[in-house]
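Peer 1: Count the sequence shown with my numbering and you get residues 1 to 409, in order.
Just so you know, the hints here were simulated from the structure itself, not pulled from any lab data. We treat Cβ as the ideally placed atom computed from N, Cα and C, and that holds for glycine.
Derived DSBU-like pairs: lysine-lysine, alpha-carbon spacing no greater than 30 Å straight-line:
#  : residue 1 : residue 2
1  : Lys141    : Lys130
2  : Lys250    : Lys395
3  : Lys205    : Lys245
4  : Lys221    : Lys130
5  : Lys384    : Lys335
6  : Lys204    : Lys354
7  : Lys192    : Lys232
8  : Lys250    : Lys204
9  : Lys250    : Lys196
10 : Lys354    : Lys401
11 : Lys58     : Lys107
Beta-carbon label-pair distances, calculated as ranges:
#  : residue 1 : residue 2 : range
12 : Ala127    : His341    : 40 to 46 Å
13 : Lys250    : Glu215    : 29 to 35 Å
14 : Leu279    : Asn222    : 16 to 22 Å
15 : Gln225    : Ala147    : 16 to 22 Å
16 : Gly46     : His106    : 19 to 25 Å
17 : Ala30     : Gln143    : 26 to 32 Å
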Amino acid sequence: ARILAKSINCPNTKNQKACGMCETCESIAAGNNLDVLEIDAASNRGIEEIRQLRETIKLSPIQLKFKVYIIDEVHMLTSEAFNALLKTIEEPPAHAVFVLATTEAHKVPETVFSRCVFIPFERATVAQLKESLLRIVKGEKLQIDDAALTLIAEAADGAFRDGAKLLEQVATSADAITVNTVQSSLGLTSGKELEKFVILLQEKKTAQLLQQIHELVSSGKNLTQFMITIVKRLETLLVESFSTKSSWSKVELIAAIRSLTHAFPLVKSSPIPELPFELALVEYCEAGIVPVTTSRAKPHVPSVQEMGAIATISAGDADSSVQSILAHWSEILEKLKPFNHSIVGVLRSCRPVKFADGMLTIEAGYKFHAERITEAKVRDLVAKVIGEVVGLDVKIETVLKQRTVNSKQ
Numbered sequence: 001a002r003i004l005a006k007s008i009n010c011p012n013t014k015n016q017k018a019c020g021m022c023e024t025c026e027s028i029a030a031g032n033n034l035d036v037l038e039i040d041a042a043s044n045r046g047i048e049e050i051r052q053l054r055e056t057i058k059l060s061p062i063q064l065k066f067k068v069y070i071i072d073e074v075h076m077l078t079s080e081a082f083n084a085l086l087k088t089i090e091e092p093p094a095h096a097v098f099v100l101a102t103t104e105a106h107k108v109p110e111t112v113f114s115r116c117v118f119i120p121f122e123r124a125t126v127a128q129l130k131e132s133l134l135r136i137v138k139g140e141k142l143q144i145d146d147a148a149l150t151l152i153a154e155a156a157d158g159a160f161r162d163g164a165k166l167l168e169q170v171a172t173s174a175d176a177i178t179v180n181t182v183q184s185s186l187g188l189t190s191g192k193e194l195e196k197f198v199i200l201l202q203e204k205k206t207a208q209l210l211q212q213i214h215e216l217v218s219s220g221k222n223l224t225q226f227m228i229t230i231v232k233r234l235e236t237l238l239v240e241s242f243s244t245k246s247s248w249s250k251v252e253l254i255a256a257i258r259s260l261t262h263a264f265p266l267v268k269s270s271p272i273p274e275l276p277f278e279l280a281l282v283e284y285c286e287a288g289i290v291p292v293t294t295s296r297a298k299p300h301v302p303s304v305q306e307m308g309a310i311a312t313i314s315a316g317d318a319d320s321s322v323q324s325i326l327a328h329w330s331e332i333l334e335k336l337k338p339f340n341h342s343i344v345g346v347l348r349s350c351r352p353v354k355f356a357d358g359m360l361t362i363e364a365g366y367k368f369h370a371e372r373i374t375e376a377k378v379r380d381l382v383a384k385v386i387g388e389v390v391g392l393d394v395k396i397e398t399v400l401k402q403r404t405v406n407s408k409q
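Based on the provided sequences and hints, a complete structural model is requested.
Peer 2: The structure is reproduced here in structure tokens:
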């Protein structure tokens, strides 16, 4: 954003590039030019701050040709603040330029986004980040291993500023920075722990996965960052599975990625931060298992009427004609959300397996999921949405995916 401010105000530009040597360029780069105002939307996100901005924008520049307003993390503004800003960016003064910086452009309202020129910046590569961090290391005369520097660059996730902050954080914890120093300071996990987790996930060893989660949390590791790394690893495996032979099936990889991805938004609202991830792991690993009860009391055997359309079929009965519905399954779930958000959560753990004679068979891992789907209102709603998306007139029945395990497990 400062480079843009220099480009439009530098008196010595060549090919639209600022000279970087004049008083204007130096003052903008130093962040002390009176006509370049930087606003942090994360901490100044209300309507009052935007109203103050609207008052000051009327004033002409003091030193430069253009007054530049840089609003960082603009997606953090409230709806009211965006509405107040909209009026200004629709008809800005000739002497003013707005630069709306964000890492999450999709969160900017369409009314504002459509009135801007969108300039996407590529994420920095690990090599570029290392080069940038190395300049800081030399300037500050820090002692750091190359492997440790690589780890910081990877943790920065393509952002130069984040990389500099992480390096600063690590540098305060030790004189000589090693891989162990970085992992301890940033709460990162080792490559061995990551690979161990992925193997356990593939083998669906629920108890050991939950134990590893417990150990990570107890040791103060950053669980969210760990799970992000796991999802990235699974994504890499999924991409590789299309070009090379993989021990993972594509279906299992997709299911694992979906289960973990859905847990991230729930972390902030959860009273126990690790709980959404634990539930996601249990749902993925245990889906379809019908435990054998050892209780003395006889289990309730539902009547034909209670079971409704619930039946049991083997996993190999999926008919090829269901592929068109499977291809649009995500779209169907999205369209169901406004009508019944809870049923979408149920259907995410289910899958269509057969479509014949107008009857769509949906396979559920748990009896209560199957019973929920076969409720009259739910069944009719799902059938209606499927018809709208796929163009088929369907009726719904459910089946249980049955796999017996020892209850002691």
